[in-house]
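Starting from the known structure of chain E, arrange chains A and Z on it as the hints suggest.
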Amino acid sequence: METDREKTENIIYKNRKAILDDWMEKIKKLSVSPFTERIPEAQLMKQSYDLLEMLRQEISKPGNGEIAGKESEKLLSLLRNIISIRAEQNFSSSETAAYIFSLKDVLFRYFRDSFADAPGILQQEVMRVSSIIDRVGIISFDIYSEIREDIINRQSKAIMELSTPVIKAWDGIVLLPLVGIIDTVRSQEMIERLLQGIVDNEARVVVIDISGVPVIDTKVAQHLMKTVTAATMLGSEVILTGISPEIAQTIIKLDIDLGVMRTRGSLKAGIEDAFQLCGLKIMPKKENA
Amino acid sequence: MKVPILKLGDILLTSIQEDLTDQDAVDFQNDALCKVRTSEVMGLVVDITALDVVDSFMARVINETANMVRLLGAEVVVCGMQPSVALTLIEMGRELLGVETALNLELGVEKLRSLIEKRQS
Amino acid sequence: MMKEIIGLQQQTDIIQARKIGREMAKTLGFGSADQTRLATAISEITRNAIQYGRGGHCAISGYSDRNERKISISVEDRGPGIPDIDKAMEDGYTTGHGLGAGLPGARRLMHEFHIESGSGGTKVVMGMKQKNF
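Chains as they are written, first to last, in the numbering used here: chain E, 1 to 289; chain A, 290 to 410; chain Z, 411 to 543.
Check the hints yourself; a few may be wrong.
[Unchecked claim] Calculated lysine-lysine pairs in the DSSO-like style (CA-CA distance at most 27 Å, straight line):
| # | chain 1 | residue 1 | chain 2 | residue 2 |
| --- | --- | --- | --- | --- |
| 1 | E | 157 | Z | 480 |
| 2 | E | 157 | Z | 541 |
| 3 | E | 28 | E | 17 |
| 4 | E | 226 | Z | 539 |
| 5 | Z | 436 | E | 226 |
Just so you know, the hints here were simulated from the structure itself, not pulled from any lab data.
Pulled out of the complex, with its shape left as it was, chain E reads as follows:
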């Protein structure tokens, strides 16, 4: 005697080709920018076929529909695989979830046809499969957030590295142009990179330009002071340039002591100063020498 569970599984198994086709149709109609434009159709088919197979096995399992244990591991790793590809392809979380949930309507249509003479079983099996797919949907959502977070972390790390370049301006002179908000994490990174840059370039003079820093508060000033002290300890001179009138006002009003710092208004003046500290001078080229 076939159990209800086995009957349901059989329906899916027998109709798997048709279910897959219907599901694909549904997916294509889903989002504003169609799925198939972003994923090659063959790839989407393969993913969906594998997923349907795994789900069928999950549905055949006795129990309360909990997605756990050894048998579910393959399903979870497949989900992780599919979703990490989706996240990289810039699918939104709702598009990713909709992909899973859209399978429900398709499956239930086949259930209705097959269980037409047994409404009780139909209702029971629809409830059961529905709850399994719901769980899979929720798990997908979690995996999606996790993966997106990873991507964001990686990106912010890359941005951090790009946003604090240490540039060799001349023999013995390095330049650190700061752009954007300086927070604690960034300042930490900035100091470490600058100190390494000083050693690598044997820089006697460091020019830190803050033209691109929108606001200076006590905290930022502290970070700057720390940077300057660290560079000085290695044996470099620091020149701070690009202080706008607004920032000069804030510095004085906040009573921040930048007294020990050598400051210059413009980057140009700072560079000139740096050359002088290195015993160099910029001169006009002599005509008709």
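Just chains A and Z now, kept in the frame of chain E:
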């Protein structure tokens, strides 16, 4: 471990090549002071490139040594501090204040020469 | 999970402890600035244990998993204890020959720092952690 202190013309060169125990550090201070006194040099360069930890005790020894040598009429330049050491010292809230520093031995000697010149003029 | 225990009796043990700490931090993937912070903090705390605490031991343990890497240091001594911990945590306070920067300095270098002290000795537990990407 004894830290060698070499005489080169009118200055002394010394390079701390490995982690010193507290006793080694105190011995080094005594040696350096005696050598400055007996060899009548104008300055001392201390290279700390090889030190990957400078804790508050070591910082204090370096600081004090520099001040003591200055009392004896000579100048001191510490050179070769590693970036992460500088960072750590600042974060601890202890800086090697009052010590002249340079990036490497070459720049250290150069700086020492200019400090000696300043003192003599 | 890695774990090392270093006995603290003489000055060379300080160097030994910080070397082991640095090595472990390196193995776990901490950068050179963090390695130095850690080695320096170990140096401060183990010196205290030897100088004021009549020796003891230092346990260094660490792990790295999908989410984070962490290294923990626990230093225990058998000394008379610190009478006023709050005061000992202040900059510049010293009963010995240091700069008085040992305890507060180590606390600033680490992410976690706990100290307890009684007549049976002093125990410092400190940790440094970082997210793994």
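Structure-based check of all given hints:
Distance check on the hinted pair: residue 157 of chain E and residue 480 of chain Z sit about 20 Å apart at the alpha-carbon level, within 27 Å; holds. For the hint pairing residue 157 of chain E with residue 541 of chain Z, the CA-to-CA distance comes to about 12 Å; that is within 27 Å, so the pair holds. With a C-alpha separation of about 17 Å, the suggested pair residue 28 of chain E and residue 17 of chain E falls inside the 27 Å cut-off, and the hint holds. Note on residue 226 of chain E and residue 539 of chain Z: the hinted pairing holds, with a Cα-Cα distance of about 23 Å set against a maximum of 27 Å.
Simply put, residue 436 of chain Z and residue 226 of chain E have alpha-carbon atoms about 25 Å apart, close enough for the 27 Å limit, and the pair holds.
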